[in-house]
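J.: Letter by letter, the chains look like this.
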Amino acid sequence: MDTLKVRDAKDVEEVVRAAIANEQPLEIIGHGSKRSIGHAMATNAVLDVSALNAVTSYEPNELIVTLQAGAPLADVLSLIDAKNQQFAFEPMNTAPLLGAPALGTIGGMIAAGLAGPRRIRAGGARDHLLGAHAVSGFGDSFKTGGKVVKNVTGYDLCKLLAGSWGTLSVMTEVTLKVMPKPEAERTLLLHGLDDATANKAMTAALGSPFDVSGAAHLPKSAFRTRTDGLGDIAGQGEALTMLRLEGIAASAAHRAGSLRELLAPFGTATLVEDVASAAAWATVRDVLPFAASGALGAWPVWRIVCPPASGAALGTQLARETGGEVIYDWGGGLIWAALPPNGDAHASAVRERANATGGHATLIRAAEDVRRGVDVFHPQAPGVAALSERVRASFDPKIILNRGRLTRGAAA
Amino acid sequence: MAIMMPASDQAVLARRAEIVAALRAIVPGEGVIDSASEMRVYESDGLTAYRQPPMVVVLPDTTEQVSLVLKYCAGQGIKVVPRGSGTSLSGGALPLEDGVLLGLGKFKRIREIDFDNRVVVTEPGVTNLAISQAVAHAGFYYAPDPSSQIACSIGGNVAENSGGVHCLKYGMTTNNVLGCEIVLMSGEILRIGGKGCENSGYDLMGVITGSEGLLGVITEITVRILQKPETARALMVGFAEVEAAGECVARIIGAGIIPGGMEMMDKPAIHAAEAFVHAGYPLDVEALLIIELDGPKIEVDELITRVETIANACGSTTCQISTSEAERNLFWAGRKAAFPAVGRISPDYLCMDGTIPRGALPKALARIRELSEKYQLGCANVFHAGDGNLHPLILYDANKEGEIERAEAFGADILRACVEFGGVLTGEHGVGIEKRDLMPEMFTEIDLNQQQRLKCAFDAQGLLNPGKVFPTLHRCAELGRMHVHAGKLAFPDIPRF
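Line by line, the protein sequences are chains A and B.
Per my numbering, numbering through the first sequence is continuous, rising by one, with the last residue being 1679.
Per my numbering, numbering through the second sequence is continuous, rising by one, with the last residue being 526.
These are calculated hints, taken from the structure and not from any lab test.
Incorrect hints may have been included.
Stated by the list, open to error - SDA-like mimics (lysine to any residue), calculated; alpha carbons at most 20 Å apart, straight line:
#1 A:K1467 to B:D143
#2 A:K1665 to A:A1288
#3 B:K135 to B:D63
#4 B:K198 to A:N1351
So here's chain A without its partners, still in its complex pose (with noise of 0.2 Å):
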């Protein structure tokens, strides 16, 4: 199979256009990090953007970064860290969940849109993403948004291409929004609570005014593998419930005071500060309990969105049914189910569960024999599912781009 390395957005039309005239779709990748997920595609050639890693520009006062999406994601977030600046939607690190290699480009991180823990404040990359340039399955470079915070000319095709997995565009050139870190974080960590207390817990933090920028609860089971990230704070292998706040120094510890009295009756509260706090939250952030070089690795891996107070009932039902393991994020709006391998990955049993909150599911690890029989991505309502295609032919008609990656059999 033929492999592209394209130069420039030039190269990236041209690659495109001959691929339209040879009705010979392409798989659009970057470091390759999350290729693992989805379907396996109908594709015949790779169409490699990594060699688009450039920084346009920066800067810092004007909170904006202009990168070519091939641009790796471990440079820019250095590059941003050293003027004290972040994505604030906390971009998961897919590597040790998928046994990948890499952490991925830009252009990977928005694709996929998968956001960490912080999403519940700070909202997802698709929140961050200010304007693009990309080159659409008619072979025609476009650009949507701009590069200023506050803008509304024109559709928001920045909103589509976030979590889009390369099917609507190829992303050349994106510009985010950067927020400054917070000068300190405090984690206060209520112990041995069970599913549903927890989600309690977490409901009335998040209902508090104390401006909670994490909300976490790892069951006593998903110790199973030993996770580093967690440090002493795993020792007694008891279920842990955890809760950031952020911000200056003086802030987070009066918050973490204020939050610690409010959540007493759910127990009292030990707190974790900086340095052992973010690498908690790493963990959460990378569902390190789950990582492929674990004791669940042979697992797959469920990724379920849901409403957060519905988030215990979900999970609990779900692990008992198929003696799995869960880990509640977002307050419990985000569920990732590591459940014992069998034919379908307990796909029925998972999307009964997420249908019945309104939620949905994602098959994020799974072998490809298990992926041909089972819908990694949440099957749609279908009017919502034929407006989609319509959606994806108003950008890419021919179906060049990343072909069957979403839907199952249409590689066929």
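For chain A, the structure is supplied; the task is to place chain B on it using the hints.
T.: Coordinates of chain B only, in the frame set by chain A:
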């Protein structure tokens, strides 16, 4: 009218009586308005320079009625213009002579308040402020706060992706909406998203938000609500030069401080506001910043000190810090009344809405001064300084021959300058008809074609709110045509592996 709207369909106009009767069969009683006098209130929105009575007004009160009206109109090839409270400043709800005006004013119910999931499910005709009021007893509020929040509807906010003073810290509408029920032009009813943080599949909610009523008619919305910050305090800082004020804004952001609001006014705006509300604004400064910090008291007190230090270092000539809610509200009173205040000193004004990179502020204001000279019209500037969103208010008198045209030309030049300085045509008011013909300043034909193809995915006949946003209308079949680029059948000569 300087803006050309799509030609009226005479065949449709000739069938008006029949169309009115058909609509009455769907929406009974007073829900269909066809008398010229009663329709007058609908002939314009907040962009009052443009007026056009619609063919007929229909005010459904159920989703099913909305669906039937749209299905009927789609079947008959009749254009439809949706309208919320009619506060658009860009003409987004300007009727069409041969179009049905579909008002959502009867969708006034809040359907569900769900504190555990921190969401409100509401009908689109509920005002922005009413949502905050409905949850205030539990300490919650809905964050986006456009200045028209008393009157503007949440449906209109979604259509326009409205902002407000606090969006630097809390985001625009798009960052605070989770789901909706939408009726497509075909009459099909769809539910997008819900109470979860994210939707599945393509982010349709994201692209519907800010689509200016061109993609569908929203009949229900799920919004996020937040706990009110414990306290808020404001600084009012005067500068002898606009450049120093701009530098102060940059240094505050550079220091990692994101204020709840950071507003700037120039001298004409300060004078107009002070004469109107007597907020105690200094009259001898060239620029005034109002900077609000919100959060826990301990944090606000600390940040106030840091901001004061930065302001002093930037050469502020006056600096007052609010010590009470009354004083904080007084600081804001002038800013919040800036538009009516300008209305007192000038018979008419045009409110512009461009965004520029923060750093371009001094040169943007210098350009506006030059243009003010050139067009011989006054201009007062208020500015969401934190996010670079500029609101020049161009002063004119509609009764003087040629002044409105001059004012519009002045405004267009300001927006061109915004694009030239790396910004955009509109930060929060929308394109509508007002900036429609300026779209090519920012977008190429290819860019606009891609946007219009998206429109085709929602409304293939182009019947929903035509004439807004896009300067040129194309048929969907034409936009969808694939131009095969001849002679380039092989992959180009680039590195392979």
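J.: Are the hints correct? Go through all of them and say.
T.: A quick look at each hint next to the structure:
1. Using a Cα cut-off of 20 Å, the hinted pair K1467 (chain A) and D143 (chain B) holds, with the two alpha carbons roughly 14 Å apart.
2. With a CA separation close to 10 Å, the supplied pair K1665 (chain A) and A1288 (chain A) stays within the 20 Å bound.
3. A threshold of 20 Å between alpha carbons decides the hint, and for K135 (chain B) with D63 (chain B) the separation of about 17 Å falls inside it, so the pair holds.
4. Using a Cα cut-off of 20 Å, the hinted pair K198 (chain B) and N1351 (chain A) holds, with the two alpha carbons roughly 18 Å apart.
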